[in-house]
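Engineer: Given these sequences and hints, build the entire structure.
Those sequence lines, one after another, are chains R and A.
Numbered per the working numbering, the first sequence spans residues 1 to 402.
Numbered per the working numbering, the second sequence spans residues 1 to 389.
Hints may be right or wrong, so weigh each one.
[Said to hold, decoys possible] Straight-line C-alpha distance at most 25 Å; calculated BS3-like pairs for lysine-lysine:
| # | chain 1 | residue 1 | chain 2 | residue 2 |
| --- | --- | --- | --- | --- |
| 1 | A | Lys222 | R | Lys287 |
| 2 | A | Lys222 | R | Lys345 |
| 3 | A | Lys137 | R | Lys271 |
| 4 | R | Lys345 | A | Lys137 |
| 5 | R | Lys71 | A | Lys222 |
[Stated by the list, open to error] Residues of chain R clear of chain A, computed beta-carbon distances all greater than 10 Å:
| # | residue |
| --- | --- |
| 6 | Thr33 |
| 7 | Ser75 |
| 8 | Gln102 |
| 9 | Thr104 |
| 10 | Arg124 |
| 11 | Ser137 |
| 12 | Gln165 |
| 13 | Pro281 |
| 14 | Leu288 |
| 15 | Ala333 |
| 16 | Arg363 |
| 17 | Asn365 |
| 18 | Thr372 |
It is worth saying that the hints were derived from the structure and are not from the lab.
C-beta: ideal position from N, C-alpha, C; glycine also.
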Amino acid sequence: MTDNEMAVSTRDEIHTDAATTSDTAINPLEGVTVLDLGQFLSAPSATLRLADLGARVIKVERPGTGDICRKLYISNCVIDTDSSLFHAINRNKESVAIDLKQSTSKPIIERLMRKANIMVVNYRPGVAKRLGVDYESARSINPRIVYGEITGYGTRGPWVQRPGQDLLAQALSGICWLNGNADQPPTPMGLSVGDLFAGQHLVQGILAGLFRARREGVGAYVQVNLLESLLDAQFEVFTTYLNDGRREPVRSSINNANPFIDAPYGIYSTKDGYLALAMVPIPTLGKLIGCEKLLSYTDPSDGHLKRDEIKQIVAQHLLTEPTAHWLSILESADVWCSDVYTWDKLMSTQAFKSLDMVQTVRRRNGVTLQTTCCPIVIDGTRPTSSVAAPTVGQDDIAILGR
Amino acid sequence: MKPLEGILVLEFCQYLAGPSATLRLADLGARVIKIERPKTGDGSRHLILEGCVSDGDGVNFHNINRNKESVAFNTKDPHDLALVKRLVAQADVLVEGFRPGVMDRMGLGYDDVRTMNPRIVYASISGYGALSPWAHKPGQDLLVQSLSGLAWLNGNDEQPPMPFALSVADSYTGVHAAEGILACLVRRELTGRGGRVEVSLLASVIDLQFEVVTTYLNDGHKRPHRSTFNNAHAYLAAPYGIYQTADGYIALAMGSVAHLGELLGSAKVASYTNENEWFTRRDEIKHAIQDVLKNETTVHWTGILEKADYWCSDVYTWEQLMASDAFKALDFLQDVSRDSKQPLLTTRCPITFAGEPREDSRPAPRLGESTQKIIDEFHLEEREEVAAQ
Chain R
1 MTDNEMAVST RDEIHTDAAT TSDTAINPLE GVTVLDLGQF LSAPSATLRL ADLGARVIKV
61 ERPGTGDICR KLYISNCVID TDSSLFHAIN RNKESVAIDL KQSTSKPIIE RLMRKANIMV
121 VNYRPGVAKR LGVDYESARS INPRIVYGEI TGYGTRGPWV QRPGQDLLAQ ALSGICWLNG
181 NADQPPTPMG LSVGDLFAGQ HLVQGILAGL FRARREGVGA YVQVNLLESL LDAQFEVFTT
241 YLNDGRREPV RSSINNANPF IDAPYGIYST KDGYLALAMV PIPTLGKLIG CEKLLSYTDP
301 SDGHLKRDEI KQIVAQHLLT EPTAHWLSIL ESADVWCSDV YTWDKLMSTQ AFKSLDMVQT
361 VRRRNGVTLQ TTCCPIVIDG TRPTSSVAAP TVGQDDIAIL GR
Chain A
1 MKPLEGILVL EFCQYLAGPS ATLRLADLGA RVIKIERPKT GDGSRHLILE GCVSDGDGVN
61 FHNINRNKES VAFNTKDPHD LALVKRLVAQ ADVLVEGFRP GVMDRMGLGY DDVRTMNPRI
121 VYASISGYGA LSPWAHKPGQ DLLVQSLSGL AWLNGNDEQP PMPFALSVAD SYTGVHAAEG
181 ILACLVRREL TGRGGRVEVS LLASVIDLQF EVVTTYLNDG HKRPHRSTFN NAHAYLAAPY
241 GIYQTADGYI ALAMGSVAHL GELLGSAKVA SYTNENEWFT RRDEIKHAIQ DVLKNETTVH
301 WTGILEKADY WCSDVYTWEQ LMASDAFKAL DFLQDVSRDS KQPLLTTRCP ITFAGEPRED
361 SRPAPRLGES TQKIIDEFHL EEREEVAAQ
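Structural biologist: Structure follows, in structure tokens:
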């Protein structure tokens with residue numbers, strides 16, 4: 001068992017040495033060890049970012065099935081028995097299989113907690129305590145640990161036991177009343193933005209806690225929840241609501257893009273495709289695209305008060321010519337506009353290639369897949385790693401010695 | 001003690017992406033100074049939504065810039081520029097959001113600044129990346145969403161591509177900038193050296209889509225298909241979505257369609273027992289579910305479904321949310337008005353450090369209100385002293 005401890009700690013020590021003796025650039029979180037007890041998207045997306053930035057991330061999974069996300073298949077996309085989602089979220093991580101409900105697991109998880117700098121969970125409130133992996137247990141073993149927790153609705157109040165699921169949190173956060181057209185039911189954002197923002201907020205809190213741990217030698221218990229993160233994502237428009245007499249947002253009846261922004265803001269159909277138009281004075285737009293009806297909207301408040309009427313006119317007019325025609329006119333007048341791309345189109349552009357956002361990762365059995373990279377460039381280099389998501393317990397021998 | 005106490009951040013940004021990154025650093029305890037141009041300042045001071053103004057600045061300027069200080073310097077004036085450089089020499093973090101090349105022309109590019117201050121963490125926020133052939137394009141939120149493929153995930157299938165109805169590109173990029181900065185500060189504690197952080201709206205919006213883009217990259221580049229009816233997620237099967245009831249709405253997350261049919265007492269919905277069809281016949285199934293749900297109230301359905309632990313929820317407006325005890329329990333609002341005459345309510349930082357006090361923010365600064373104070377405090381007029389550092 002002592003050997004196992006070595007396995008976890010060696011890397012820390014090596015990299016600590018390297019960091020203090022070498023001038024060469026190192027990944028920002030080199031030498032940091034993270035225990036990821038999370039499942040699905042929110043917490044694992046947080047540890048993914050820590051891995052991108054150089055941390056060693058060890059997933060603690062239940063033996064056999066592991067993270068339930070492994071089986072959440074979409075688009076019939078199964079890669080070496082795991083879902084494409086699982087692969088995307090868990091690249092560049094290791095995995096140990098530990099049944100936290102077994103009392104024999106206690107010394108094993110405690111040893112890992114002692115060696116970890118960071119630990120992340122996304123259980124419903126109360127579960128971590130039952131399993132002996134709550135903050136108090138972790139701190140009693142490792143006072144400097146930075147412990148991150150994601151819940152659905154916080155740790156107090158009547159909703160704490162509700163399922164912290166993305167769509168349900170979106171439904172309660174008011175965000176669905178911003179999205180889609182006025183004649184549609186409240187429309188959720190077409191991605192799990194609650195999970196995603198909460199995961200990123202957790203990264204911010206954890207990194208701030210880790211910074212302080214290095215300076216001051218103290219740990220931290222960082223908490224985020226889906227509901228607050230969704231409100232933070234809406235903080236501009238929600239703050240407007242709080243201070244404008246609490247008028248509920250009114251979505252546009254046509255091509256809604258942001259209920260708080262004036263016409264013509266939105267995406268429009270053209271003769272052969274689409275055109276996105278951001279902020280531009282209405283008469284200026286009318287003159288440029290040769291639409292006489294728009295010239296009379298000279299009052300600056302028209303864009304707000306007559307938003308949908310104006311957008312209707314713009315929509316009718318833009319149908320008369322192809323996207324390239326409108327772009328050539330508007331771009332040369334420095335109007336904020338653009339084509340609207342699919343992923344196919346985007347990925348065929350030099351602009352996409354210059355970002356260098358796609359990498360190939362490989363499992364130990366040779367299976368490869370393509371996925372995205374870290375969105376943050378550090379010291380002029382986009383961090384990459386060819387390590388694919390782990391199989392359940394693939395690192396048991398190296399880390400646990402069994 | 002807050003985590004970032006003692007860290008000095010200089011912000012050369014306006015609008016949302018950059019200022020939201022430094023707002024988070026301020027929330028976490030850093031001292032943030034906005035470097036603004038005299039007279040006009042940050043453009044968001046003048047960006048007024050719904051006529052919402054407080055003490056001369058747009059309300060959103062207040063909430064994005066709470067807890068910060070402001071100095072007004074004209075960087076085109078050599079004297080002011082020299083003062084700015086002396087301040088940069090003493091900072092821990094610099095965040096800039098100019099188009100690529102602008103900071104270099106002022107002598108404030110990364111290589112210049114690193115020479116003055118090797119410990120600095122220098123972050124740049126751009127629309128498309130400094131080396132992009134699109135580097136000259138406006139890095140505006142809606143345009144980046146439109147180019148990133150994101151709009152094809154949102155709204156219903158027969159609609160044009162629908163942007164996410166928020167500035168998610170700006171917000172997410174700001175989050176990533178703060179992460180990169182924090183990671184470099186962590187490293188600096190070991191190495192003593194600063195670092196360079198670059199984020200772009202386009203890369204961040206691709207990261208926002210990373211799960212489904214990865215699926216697309218490995219499923220033979222199949223295009224996403226939004227649901228034709230009540231779309232909620234292009235890749236998820238029925239019943240995922242929001243439905244109308246007799247008196248409002250209900251959200252249904254992932255679950256068995258057949259089980260749902262039993263719970264709703266609908267033989268038709270219950271007849272969809274083949275799990276594969278929940279995706280391939282998604283729209284037809286969703287219509288069948290809608291036909292049942294519209295007959296009874298939201299409370300009726302949530303009562304039945306919650307008892308069976310079926311993932312569902314009412315759908316709230318902000319007003320309904322704020323009336324709930326759950327919202328009150330979060331204690332998530334604060335007043336950041338400059339004077340107490342007219343309250344200016346906004347949200348708090350969504351990150352809590354349990355067991356540590358959560359303080360109210362200071363209000364957002366008036367343009368240049370700390371210029372002289374900062375000149376004195378950091379000895380910006382005293383050339384020799386700075387040169388000696």
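Engineer: If a hint holds in the structure, say so; if it does not, say that too.
Structural biologist: Outcome of the hint check:
1. A:Lys222 - R:Lys287: Outside the cut-off at roughly 40 Å; violated.
2. A:Lys222 - R:Lys345: Distance ~13 Å between lysine 222 of chain A and lysine 345 of chain R Cα, so the pair holds.
3. A:Lys137 - R:Lys271: Holds. Lysine 137 of chain A to lysine 271 of chain R sits at ~24 Å (cutoff 25 Å).
4. R:Lys345 - A:Lys137: 17 Å, holds
5. R:Lys71 - A:Lys222: Given pair lysine 71 of chain R, lysine 222 of chain A holds - Cα atoms ~20 Å apart, limit 25 Å.
6. Thr33: Given a closest Cβ separation of 13 Å, the condition holds.
7. Ser75: At roughly 5 Å from the nearest Cβ of chain A, serine 75 of chain R sits no farther out than 10 Å, so the non-interface label is violated.
8. Gln102: 25 Å, holds
9. Thr104: Given that every Cβ of chain A is farther than 10 Å from that of threonine 104 of chain R, nearest at about 30 Å, it holds.
10. Arg124: The assertion about arginine 124 of chain R holds, with a minimum of 12 Å to chain A.
11. Ser137: The claim stands: serine 137 of chain R keeps its Cβ more than 10 Å from every Cβ of chain A (closest is about 14 Å).
12. Gln165: Non-interface label on glutamine 165 of chain R violated, nearest chain A Cβ at 5 Å vs cutoff 10 Å.
13. Pro281: 14 Å, holds
14. Leu288: 16 Å, holds
15. Ala333: 13 Å, holds
16. Arg363: 13 Å, holds
17. Asn365: 16 Å, holds
18. Thr372: Answer for threonine 372 of chain R: violated, closest chain A Cβ roughly 5 Å.
Checked against the numbered hints above, the structure violates hints 1, 7, 12 and 18; every other hint is satisfied.
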